[in-house]
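Peer 1: Residue numbers (the numbering used here), protein chains in the order written: chain P, 1 to 554; chain V, 1001 to 1362.
By construction, these hints were calculated from the structure, which means they are not laboratory data.
Being a predicted model, the structure only gives us computed values, none of them experimental.
Yeah, the Cβ is synthetic: ideal placement off N, Cα and C, and Gly gets one too.
Just so you know, not all the hints are guaranteed correct.
Stated by the list, open to error - Ranges between beta-carbon positions, derived for each pair:
1) Glu1298/V - Asp268/P: 49 to 55 Å
2) Glu393/P - Arg1107/V: 39 to 45 Å
3) Phe387/P - Ser1311/V: 55 to 61 Å
4) Arg177/P - Asn1174/V: 47 to 53 Å
5) Leu1065/V - Glu393/P: 40 to 46 Å
Claimed, not checked - Which stretches of chain V does chain P cover? Using the computed rule of at least three CB atoms under 8 Å from a CB of chain P, they are:
6) 1067-1075
7) 1118-1132
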Amino acid sequence: MRYFSGRLNGTGVLLWPVLFWITAFALPLISVALKAAGSVAELTGVIQSPYYRGVMGFSLKQAALSTVFSVLLGLPGAYFVGRHHFPGRKLLRSISTVPFVLPSILAVLGFILVFGNSGLINSIRQTTLIGDKEPWKMLYSLRAIILAHMFYNFPLTLRIVGDAWYSLPQSKYNAARSLGAGPIKAFFTVDFPRLAPAILTSAVITFLYCFLSFAIILVLGGGPQFTTLEVEIYRLIKYQLDFSRGSGLAIIESIAALGLLAVYASLDTVLRRRTVDDDDAVKIRTPGRITGWKMLPAFLYLIPALFLIFAPLISIMIYSFLTRATRAASLHLSFSHWKSLFGSGRVGASVPLNSVIRTFSLGIAVAGITTVTAALAGWYTAHRKGFLVKIIEFMLFIPMGVSTVMLGLGYLILTNSIPGGKALRLAALAASHTIIALPFAYRIISGRLKLISRRIPQAARVSGASPLKSFFTVELPLARGALVTAAVFSLAISAGELNATIILAPPDFTTITLAIYRLIGSYDLFGACALGTVLIVISIISFLTLDKYGEQTL
Amino acid sequence: MKTSALIFNGVEFRREEFFLKADNTFPAGKLTVILGPSGSGKTTLLDLAAGFLKPDKGSIMEGNLDVTMLSPEKRQVGVVFQDHALFPHLSVRDNVAYGPRARGMGRRQAGMAADRYLEMTRISRYAKKKPSSLSGGEKQRVSLARALAIKPKILLLDEPFSSLDASLRRDMRNEVRNIQRETGITAVLVTHDQEEALSLADFLAVMKDGEITQMGSPADLWTFPENLFTALFIGRSTRLKIRKISSLKDNLYTVETAAGSIRVEHKGTIPDLPATLIIRPENLRVSGSGDIRGTVKEAEYTGDQWKIYLSVPGDSSDLIEFNCPGAAPPSIGESVTLMHQPGSVRILPGVMNDPGIRLGIS
Chain P
1 MRYFSGRLNG
11 TGVLLWPVLF
21 WITAFALPLI
31 SVALKAAGSV
41 AELTGVIQSP
51 YYRGVMGFSL
61 KQAALSTVFS
71 VLLGLPGAYF
81 VGRHHFPGRK
91 LLRSISTVPF
101 VLPSILAVLG
111 FILVFGNSGL
121 INSIRQTTLI
131 GDKEPWKMLY
141 SLRAIILAHM
151 FYNFPLTLRI
161 VGDAWYSLPQ
171 SKYNAARSLG
181 AGPIKAFFTV
191 DFPRLAPAIL
201 TSAVITFLYC
211 FLSFAIILVL
221 GGGPQFTTLE
231 VEIYRLIKYQ
241 LDFSRGSGLA
251 IIESIAALGL
261 LAVYASLDTV
271 LRRRTVDDDD
281 AVKIRTPGRI
291 TGWKMLPAFL
301 YLIPALFLIF
311 APLISIMIYS
321 FLTRATRAAS
331 LHLSFSHWKS
341 LFGSGRVGAS
351 VPLNSVIRTF
361 SLGIAVAGIT
371 TVTAALAGWY
381 TAHRKGFLVK
391 IIEFMLFIPM
401 GVSTVMLGLG
411 YLILTNSIPG
421 GKALRLAALA
431 ASHTIIALPF
441 AYRIISGRLK
451 LISRRIPQAA
461 RVSGASPLKS
471 FFTVELPLAR
481 GALVTAAVFS
491 LAISAGELNA
501 TIILAPPDFT
511 TITLAIYRLI
521 GSYDLFGACA
531 LGTVLIVISI
541 ISFLTLDKYG
551 EQTL
Chain V
1001 MKTSALIFNG
1011 VEFRREEFFL
1021 KADNTFPAGK
1031 LTVILGPSGS
1041 GKTTLLDLAA
1051 GFLKPDKGSI
1061 MEGNLDVTML
1071 SPEKRQVGVV
1081 FQDHALFPHL
1091 SVRDNVAYGP
1101 RARGMGRRQA
1111 GMAADRYLEM
1121 TRISRYAKKK
1131 PSSLSGGEKQ
1141 RVSLARALAI
1151 KPKILLLDEP
1161 FSSLDASLRR
1171 DMRNEVRNIQ
1181 RETGITAVLV
1191 THDQEEALSL
1201 ADFLAVMKDG
1211 EITQMGSPAD
1221 LWTFPENLFT
1231 ALFIGRSTRL
1241 KIRKISSLKD
1251 NLYTVETAAG
1261 SIRVEHKGTI
1271 PDLPATLIIR
1281 PENLRVSGSG
1291 DIRGTVKEAE
1301 YTGDQWKIYL
1311 SVPGDSSDLI
1321 EFNCPGAAPP
1331 SIGESVTLMH
1341 QPGSVRILPG
1351 VMNDPGIRLG
1361 IS
């Protein structure tokens, strides 16, 4: 039912979000497509070349393997979170969002610290093993890529499947048990078919993340044999300045990703249709407790899982207070990296300090634009129904499935074709970050606005408030938590963004992620860790805000 | 408080399958209760009165003032919502002061006005609290205070007691009744609870499928229901399918049913068959010389008396219900004869299994 006098009647609020979306998202992608279409010969050449076929094959292979292992590692956790009560259950569920808010460059840095040649694991081996002192060589291999992707993605399965499991009515499983099915049969005949859509969803998202993964491949892959389309596109445009071929590859990559999404959509419909709930089953469930023999598998799972999440982060923070004079020298405590970060004692600011300042200025601008844009669109879709709402929701969904390197390429093509120096580049950088953050910010804000009962603004209206007054005195204050969350989350996304940034940032505009990337490249891991710690703090703040206000919307 | 009648003039409102028609006056200074099953359009009627919805046709008046096209904030209507709809970010006092403030009163004055209404609804001690810390009954009091604080000409209450437990419900009912009497405000209350409706209403309106089917005093509707729906929706009744009606003399008829030939006093024209005979349980008593015969099917003890259900041969939709005082009810399977007052029986068009008479009581 349409309550047309209960609220502001403005399709006008969509003007800015739509204009922004067209300029900052559609236009860059169209330029990439046009560039690719401009050289069809190039495109066919790319498809026929064995080298690019190899790259394509490796992209798919590493994504598939990473997905299988991430899902396998996530499922036991989903079972614990979804079917049991144990101290720390909620905490574990919350912690599973950590990798979600963690910039990929930090995952890379933490990974090197833990699994690297002179990393945590090898140090432990060296101090405990007597005979074999040969370091365990992990980096720069397919194994490294898969392990890093697992760290990054298994919590996704834990979260999505765990939540689905939690909301499955226990009664159906119990019915199967009382009818004579054993626990395993009952699981596979009753619970599993209803979990399948959630498992599929987490697998598809994981696959997409890994397929489009950039920083992890860029640093941990290395060499032509471990390169993916995303990294290859970056190399083409950054080092060979070959925009046509880059665009061609980007289009091929997008078609593959979209094709996967299409298959997923139809598969998901089929799976869900088979398991439509016949009734509003009362979701009364008495979760099991982990006691006795069940403690062992729980600990065998939780300890490595928590290690995988926390060891890299804790290592980063600890290493930021350490240093080593030469590569062979031993570690000792030092604040030098933190001092250089705050530029103490010197005139003018250091590179690390500058990168922090730049990251925050950019992040605050991005947070502002993103929040306003998402709030306008969210207000409209929360209060209206119909075709236009569906279009807006779709528009604000697809940036999540688009390669950020391709987005950067699109901006590069656009900014090269119009005059405007550094300022234009910076504007493009901010716009690209905004488009990347917008889908998340929109979900957080519209999720909250949709929860406000339509009766509340109506109560304000009969009390005598105009639509505008009702919006400012009732709806806006009620959505404040969501707005703050969206802003903080957008800032964190901007601060952690590397893909578009590495392509678009003007030469002297070094952000935290760029600085970390370069420091890793010059083997200055300790310096990278100081900056990494700053990024961790931003992520933690973003995580805490999200956990408090907006977690259910992601 | 100035008050005025709420008038629906040929109002029509259509949304897909649903069609609402209203041509009624809710009298000034009185409490009118709209009673109907869920989905009958009660809340939609209130939404039209408040201005949340606009009618497709017709006009809505507050006394002499046509408010059809006025937006909610321009009307003088207070609304108590089913889910309270309190502003969760404001204190109780600020919730109540919101209306006066929105209508241009200064902060201090609005606060004082709020205090007055919080006192009236006896909730002053929670003035500084946030709504989330209140119980359902307390929230409802705040909601009532907030609606009254704008000094509305008309007060609309949408199932205000549905979220309260039984004893609290009775208290709040009295509270609302008293406040309505003290202020003399025109009030329209919507409910699907017939006990609530009968105990509160100055006027009672029965609503069905988007239309008010009958409106009058509760006693009128109880004694003289105009249609089968009203008769069966308000109170309990014996219903017997009529086979034949023959005239005895002026206004006196014999009605053939499965339970026997029953004498009926009926003014006005006799409806065509199919028709149903309706008798209230309190108008029946056991007697050897009665017209009505049946076999005891069930007996329910209610504490002060027995409720007896009789079955009659033939149509299963026929049901005789009467009250039997005392400790020894007739036993199951026993044959019973009942006596009635010919004037207390109604002949109404339609039968129970007629698809037009869906009860849909929730």
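Peer 1: Hint numbers the structure violates, sorted upward?
Peer 2: 7
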